[in-house]
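Produce the complete structure using the sequences and hints provided.
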Amino acid sequence: MTGTTSRAPRPAADSALELPRYLREQEDRRTPVAYAGYRSTALRAPLRTPVDLPQRLTEVTGPVLGEDRVTAADADLTLRMGGEALGQRINVFGRVLDSDGRPVPDALVEVWQANAAGRYRHVGDNWPAPLDPHFDGLGRVMTDSLGRYEFTTIQPGAYPWGNHHNAWRPAHIHFSLFGRAFTQRLVTQMYFPGDPLFWQDPIFNAIPPSARHRAIATFDLDRTQDNWALAYQWDIVLRGSDQTPFETDDDGDVA
Amino acid sequence: MSIDHLSPQVRNADETNDRRPGTPRRGSGFLDEPFQLGLTPSATVGPYLSIGLTWADGPHAVAEGTEGAIWLRGRVFDGNGDLVPDAMIETWQADPDGRFDHPDAPQGERRFPGFRGFGRSHTVEPAGEYGILTLKPGRVDDGKGGLQAPHVDVSVFARGLLDRVVTRIYFGDEAAANAEDDVLASLPDDASRRTLIAQPTEDGYSLDIHLQGDDETVFFAV
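Chains A and B supply the protein sequences, listed in that same order.
Residue numbering for the first sequence is -14 to 240, as defined by my numbering.
Residue numbering for the second sequence is 3 to 224, as defined by my numbering.
Simulated from the structure, these hints should not be mistaken for laboratory data.
Honestly, I wouldn't trust all of these hints.
To be verified - Computed footprint of chain A on chain B; a stretch qualifies when at least three of its residues, placed anywhere within it, have a C-beta under 8 Å from a C-beta of chain A: (1) 35 to 46; (2) 66 to 74; (3) 213 to 223.
Unchecked claim - DEER-style ranges, computed between Cβ atoms: (4) A:Glu12 to B:Glu66: 40 to 46 Å; (5) A:Arg9 to B:Ala58: 32 to 38 Å; (6) A:Gln73 to B:Pro108: 47 to 53 Å.
To be verified - Short, incomplete list of chain B residues facing chain A, as computed with Cβ under 7 Å: (7) Pro98; (8) Phe102; (9) Asp165.
Ideal Cβ placement from N, Cα and C applies to all residues, glycine included.
Set out below in structure tokens:
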């Protein structure tokens, strides 16, 4: 059920339950909680070193969210409030995998984004770009049995923000994912290839250089739809099983 | 030009060792470590999280009116001691029997139908405050033959946090169980432990979360 790994069976105390153990990404390829160039982190990112929490039942389980969280209409952000959103129509698709390469099926994917003009439908966003009466910027889909997801939206616009003088966020779509465990929870942003705003964006640049490409979708001509929509693929990788030998648990005869 | 290869075996290969059987040679293309995809890096939830992450029933890990339901409430503070009015708190926990409705957990009778175990609350209204309606969790196996004290795993998301931060809520009226809990015992002092222990209130329990400051909450790496 948890896949084939080289984990040794636990020396059962009162039960023979074997819990999965989830990989922790190396420090130098993980987005740090704080980044000096992103000013809002200064008063919000915790300053003390986090304490290691062993992965036990609470950490290796997570909510089982059903199809009732989504409707078919949630996968099309271009048709809202009785009309069609303005902007370049795009299909965004990909697979949700774990780091062992296994698909993550039946996972809830929640997305939100600015409209084609770079404006969010939110009371806190009042920069002078127009709202679109037919775009609310919210989508929800579940991955299928092969971990695939797909939704239709419009290409979001870039927008200015107050981080530094003339700061602009590169176009992006926010993603929120539940895997099967608390340890796999991920909130992130998908970017578009070749964006000229990457170099000046501290949120993008907070990602270590060796991992930045993983946050950028790829254009896929094969999946464009004639006379209808462009297409971008973005595969998302959640934490998979930790394959390093577990010193305290194994007695040397790991298969 | 030198290439910083991911594999230490390749990186450290030289003419004295790169012909040893099983040792890949530079550029051979052999996978010399377990197959592993790189993880997608996290990013901040940003200021407009409520667009995408609002559920009408988010704060209700159990339905209103459920017998024994409690409110977990608290405030979220930044390093200036100001309330954080655009954060999101998510909670995950066992049921009152210490069980999880999940394929990787021990199976058994579930006595709390409708209990989701998961709660999600914004801190928008009232500003800086969260509230989750749930059942008090039972004690959970610690994997070493003992029991953990009742606890709730908590994720905090906000603008200004590039990744979620993780903490736990324990319960102030569980002194005996808390004293046996090895996660609490692993913390350096009582002041640290206090940052995780919710105190009883009229309708449940209350615990403030301090992202920074003298009372900075203990956060965990999972």
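Structure-based check of each hint:
Counting residues of the region 35 to 46 of chain B whose beta carbon lies closer than 8 Å to any beta carbon of chain A gives 11, which meets the minimum of three for the stated coverage. Counting residues of the region 66 to 74 of chain B whose CB falls under 8 Å from any CB of chain A gives 0; the rule of at least 3 is not met. Given as covered by chain A, the region 213 to 223 of chain B passes the check, having 8 residues with a CB less than 8 Å from a CB of that chain where 3 are the minimum. The hinted range of 40 to 46 Å is satisfied by Glu12 (chain A) and Glu66 (chain B), whose Cβ atoms lie roughly 43 Å apart.
Restraint check, Arg9 (chain A) to Ala58 (chain B): a C-beta distance of roughly 34 Å satisfies the suggested window 32 to 38 Å. At about 50 Å, the beta-carbon gap between Gln73 (chain A) and Pro108 (chain B) stays in the expected band of 47 to 53 Å. Hint on Pro98 (chain B) is violated. Least Cβ distance to chain A is approximately 14 Å, over the 7 Å limit. Hint status for Phe102 (chain B): holds, given a least beta-carbon distance of 4 Å to chain A, under 7 Å.
Evaluation of the Asp165 (chain B) hint against chain A yields a held restraint, the C-beta minimum of about 5 Å falling below 7 Å.
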